[in-house]
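A.B. asks: Quick mapping for you: the protein sequence lines, in order, are chains A and B. So for the first sequence, the UniProt record's numbering puts the first residue at 1; every next one is plus one. So for the second sequence, the UniProt record's numbering puts the first residue at 1; every next one is plus one.
Treat the hints loosely; a few may be bogus.
Said to hold, decoys possible - Below, computed lysine-lysine pairings styled on DSSO-like, alpha-carbon distance capped at 30 Å:
{"id": "1", "chain 1": "B", "residue 1": "Lys243", "chain 2": "A", "residue 2": "Lys238"}
{"id": "2", "chain 1": "B", "residue 1": "Lys293", "chain 2": "A", "residue 2": "Lys262"}
{"id": "3", "chain 1": "A", "residue 1": "Lys255", "chain 2": "B", "residue 2": "Lys293"}
{"id": "4", "chain 1": "A", "residue 1": "Lys268", "chain 2": "A", "residue 2": "Lys366"}
{"id": "5", "chain 1": "B", "residue 1": "Lys243", "chain 2": "A", "residue 2": "Lys73"}
{"id": "6", "chain 1": "A", "residue 1": "Lys73", "chain 2": "A", "residue 2": "Lys88"}
It should be emphasised that the hints constitute simulated quantities derived from the structure, not laboratory data.
Okay, here's what each chain looks like letter by letter:
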Amino acid sequence: MDTTFSPEDEDFRALVRDFVENNLPPEYARIVAEGGYLNKEQLLDWHAILRRQGWLAYNWPVEFGGTGWGPVKTHIFDEEMARADAPKVLAFNFKMLAPVLMKFGSQEQCDYYLPRMIDGTDWWCQGYSEPGAGSDLASIRTTAVRDGDDYIVNGQKTWTTLGQYANMIFCLVRTSNEGKPQAGISFLLIDLATPGIEMRPIRTIDGGYEINEVFFTNVRVPASNLVGAENEGWTYAKYLLTYERTGIAMVGASKKKLTRLKDLFAEKSRSLSVHEKALLAARIARVEIDLANMDTTNMRVLASVAGGGAPGAESSMLKILGSEIHQELDSLIRRVVGRDAQALRSGEQAPAGATNAAGVYFNNRKLSIYGGSNEIQKNIISKMILGL
Amino acid sequence: MDFTHTEERQMVVDTLARYIQNEYNLSDRNDAAASPQGFSDVHWNNLAELGMFGVFFTEEQGGFGGSAFDVAAVFQELGRGLVVEPLLDCVLRSGHVLAAAGDFERLAKVITGASRYVVAQAHTTGDRVTAKQSEAGWILNGTAPMVKFAAGADTIVLSAQSGADAAQASFFLIDPTANGVAITHHDTFDGGSASDIHFADLAISSDALLGSAHHADTIVRTAENWACLAICAEALGIMEAIKETTLDYLRTRTQFGTVIGRFQALQHRMAQVLLEIEQARSAVINAAAAVNKSETDCDKALSAAKYSIGRIGTLVAEEAIQLHGGIGMTWEYEMGHFAKRLVMIDHEMGNADHHLARYMQFDLV
Numbered sequence: 001m002d003t004t005f006s007p008e009d010e011d012f013r014a015l016v017r018d019f020v021e022n023n024l025p026p027e028y029a030r031i032v033a034e035g036g037y038l039n040k041e042q043l044l045d046w047h048a049i050l051r052r053q054g055w056l057a058y059n060w061p062v063e064f065g066g067t068g069w070g071p072v073k074t075h076i077f078d079e080e081m082a083r084a085d086a087p088k089v090l091a092f093n094f095k096m097l098a099p100v101l102m103k104f105g106s107q108e109q110c111d112y113y114l115p116r117m118i119d120g121t122d123w124w125c126q127g128y129s130e131p132g133a134g135s136d137l138a139s140i141r142t143t144a145v146r147d148g149d150d151y152i153v154n155g156q157k158t159w160t161t162l163g164q165y166a167n168m169i170f171c172l173v174r175t176s177n178e179g180k181p182q183a184g185i186s187f188l189l190i191d192l193a194t195p196g197i198e199m200r201p202i203r204t205i206d207g208g209y210e211i212n213e214v215f216f217t218n219v220r221v222p223a224s225n226l227v228g229a230e231n232e233g234w235t236y237a238k239y240l241l242t243y244e245r246t247g248i249a250m251v252g253a254s255k256k257k258l259t260r261l262k263d264l265f266a267e268k269s270r271s272l273s274v275h276e277k278a279l280l281a282a283r284i285a286r287v288e289i290d291l292a293n294m295d296t297t298n299m300r301v302l303a304s305v306a307g308g309g310a311p312g313a314e315s316s317m318l319k320i321l322g323s324e325i326h327q328e329l330d331s332l333i334r335r336v337v338g339r340d341a342q343a344l345r346s347g348e349q350a351p352a353g354a355t356n357a358a359g360v361y362f363n364n365r366k367l368s369i370y371g372g373s374n375e376i377q378k379n380i381i382s383k384m385i386l387g388l
Numbered sequence: 001m002d003f004t005h006t007e008e009r010q011m012v013v014d015t016l017a018r019y020i021q022n023e024y025n026l027s028d029r030n031d032a033a034a035s036p037q038g039f040s041d042v043h044w045n046n047l048a049e050l051g052m053f054g055v056f057f058t059e060e061q062g063g064f065g066g067s068a069f070d071v072a073a074v075f076q077e078l079g080r081g082l083v084v085e086p087l088l089d090c091v092l093r094s095g096h097v098l099a100a101a102g103d104f105e106r107l108a109k110v111i112t113g114a115s116r117y118v119v120a121q122a123h124t125t126g127d128r129v130t131a132k133q134s135e136a137g138w139i140l141n142g143t144a145p146m147v148k149f150a151a152g153a154d155t156i157v158l159s160a161q162s163g164a165d166a167a168q169a170s171f172f173l174i175d176p177t178a179n180g181v182a183i184t185h186h187d188t189f190d191g192g193s194a195s196d197i198h199f200a201d202l203a204i205s206s207d208a209l210l211g212s213a214h215h216a217d218t219i220v221r222t223a224e225n226w227a228c229l230a231i232c233a234e235a236l237g238i239m240e241a242i243k244e245t246t247l248d249y250l251r252t253r254t255q256f257g258t259v260i261g262r263f264q265a266l267q268h269r270m271a272q273v274l275l276e277i278e279q280a281r282s283a284v285i286n287a288a289a290a291v292n293k294s295e296t297d298c299d300k301a302l303s304a305a306k307y308s309i310g311r312i313g314t315l316v317a318e319e320a321i322q323l324h325g326g327i328g329m330t331w332e333y334e335m336g337h338f339a340k341r342l343v344m345i346d347h348e349m350g351n352a353d354h355h356l357a358r359y360m361q362f363d364l365v
C-alpha cells in the first residue's frame, strides 16, 4: 500500500509544470480561468505549442505518434494543465475518435486520419445524439443506406459541441432495422463539406454558443469511411464513451476550482456574519473532503488499469462523483460571489476571479447530462458492478 | 502508487477472515454482547492466540506490524464480522498509551492478551476527574463517563487533570475494584458495554502515575489517532458486509412478479450506496497514509475520514434498512445489528459534525 507518486513521477510533474509556466500564453490561461473557451485559432495555436513538445496526442501510444504515457503520467499531466488553467486539447480528436480508430479502424484510416488530427488539418465533432435519441442512444434514426460505393445519409444530429469549428464529424447511423436497436448501428466518418449537410447553432442557457444541430439530406459518404464492420457501431460507441469518461473525474480541474473558491471565500467572508461564514465554510469543507476522497478513488481506478486497456464500469462511478463535485464547486463559487453574480459577464469590469460565476454554474449543469447522464451511469453501475 | 496489501498483511487478514467465517456466528456474538462484560473471553483469547493483537505494534514495541495499513486492514475485517471483542479499546488504544509512556512491560502483556487495560480520558470532557498531589501520591475525584468496555478491563488507564488547567493532565493506572472507585455499567445499543466510573477521594500511590506527570496530551495523541483510524476502518468493513447482504436481498426478494433489484428506483439508490462506500474506502486510505505525516496533515485526514464514515455510514445503514423493508426492522435479521453498530460509530470519538467543524478550523474559519 503506497499512496504516493514515485520520484520519477514527481520529476515528470515538475517537467510538465515548468513547460506550462514557460509556454502557456497568459491570454489563454485568463480565458480558461474565467470559465471561457478559446476560439478555433487560439486552440489550434495551443495545439501547435503542445505538438512541438510532442505532448499533443499525450494519451496515445507511441506507435501512433503519442507519448506512450501510462494512466498515472496522463493523470499528472491533466492535473498540471488544470492547475495552470491551460486549455484542454480537443477531446473529439484525441480522446474519443482516435482510440476508436486505433482499436477498430483500418490501417488506412489510422494512417490517414491520425496525423491530420495532430497537424490541425481535421477538427472532429461528434454525431451521436438525436432529437429522439438522448439517453436512449440506441434508438437513433439517422439512416445510412448503401448505394454502390457510397452510403446515403439522411437524418438529424444534435448537441454537436463546437461543430461550428469542425470540418469532420463521426456519426452513429442506422444501417439495419433487424434485431435489437443496438444491432443495426454503424460508425461512419463524414466530411462536413459534403453537399446536403446543414449546421445550425443552438444557444445555451448561459447565452453561449457551443452546441449545434446538424441536418443530413441525401448526403453521399464513401463506404470506405465506415469504421470497422457494418452494424457493429454500438460496440465502438460504447468503447468511445468509456474512453470519454476517463479523466471525467476532473480531479485536476476541481482542485483548481477549489483553490479559486477558497481564495474567493477568504476575500469575501470578511463581510459575512459569523453564522453565514460558518455555513459556507461547512459546505466548502464538505466538498473539499469529497474531492480528497475522490482523488484517491480515481487513483485506485488508475492503478487498477495501469496495465493498459480501457477502464470498465468504474468510470461510471467517477463520472458521477466528478460531475457532482464539480457542480457543487460551481454552485459554491456562485454563492460566495453573492450579489455580484447577478451581473452578466462584463469583461474587464467584472470582479477579478469572479467573472461569470452564474454563467459557469449554469453551463456546467451539462456535466451530469452529457457523456451518458448520471442516471444512465447508475444504470450501468447496477448492471455491470452490482449485477442487478 | 500501489493499492494492494503486502503478502504478510494479506495473510493476517485472511487468517482473521477465516476465523470469523468458521468460528464467529452472530447469534453467539449477540449473546456475548448482551452479557455484563459485553464480549466473549473465548473469542478474546482465540484472537490473541491468532496473533491479532501484535499486528498493531512494531517489532520494537513487541509486535510484528504497526503500520497504519496493518491496523486498518485488521479493523476492516473485524467490522465485516461485526466482532464485538474490544480490540480497539483494550489493545490498540490502551497499548499505544502504554507504548507512548514507555511502559513496554505492560504492553507485552496486552499483546499476549494476558492483561486488559482500558483508557478513560477524563481531563478534557465536561465531566472531569481531578488529581491532587498528596504526600503519599494522588487523590482523585470526579467522573469518567461512558468508558467503553471498562467492564472487561483489569486496569483503568485514567487521564485526570493534575495541574491548574485541563492542559496539565496525567495518566494513572487504577484498579477498578479499589475503594473509592464506583462503576455504573451500561449495556450499549450496538452490543457491548460502557461504564461511568466515579472516583471519590481515591488515594493512589505515586507508582500509579503512568509516564511523566502533566503530559497526558502527548501520551494519548498517537493512541487517539490509531483509534480514530481503526474505528473508520471498522465502519468500512461493516458497510461492505451490509452492501453484500443488501445486494443478495435485492437479487432474491420477489415483488410484483420479479426480483426487486430490477426496479430502477432501487437500483439507483444502491448505485449511490456503492459510490459512497468507495468514497469511504478512499477516506480510510487517506487517513492511513496520513498517520505518519505532520500533525496538521494527520489531524485533517483523520477528521476527513471520521466525517466521511459518519455521514456515509448513516446513509448506508438507513438505505439498507429501507431497501430491505420490514425484514430490515427485525432483531432476527442479521443486517440490522450491523446497521446499529455502524450508526453508533458516529457517536464515538466525535461525530460527523464534530469532525467537519474540526476540519474547517484548519483553514476555513
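A.B. asks: What hint numbers does the structure not satisfy?
C.D. replies: Violated: hint 5 alone.
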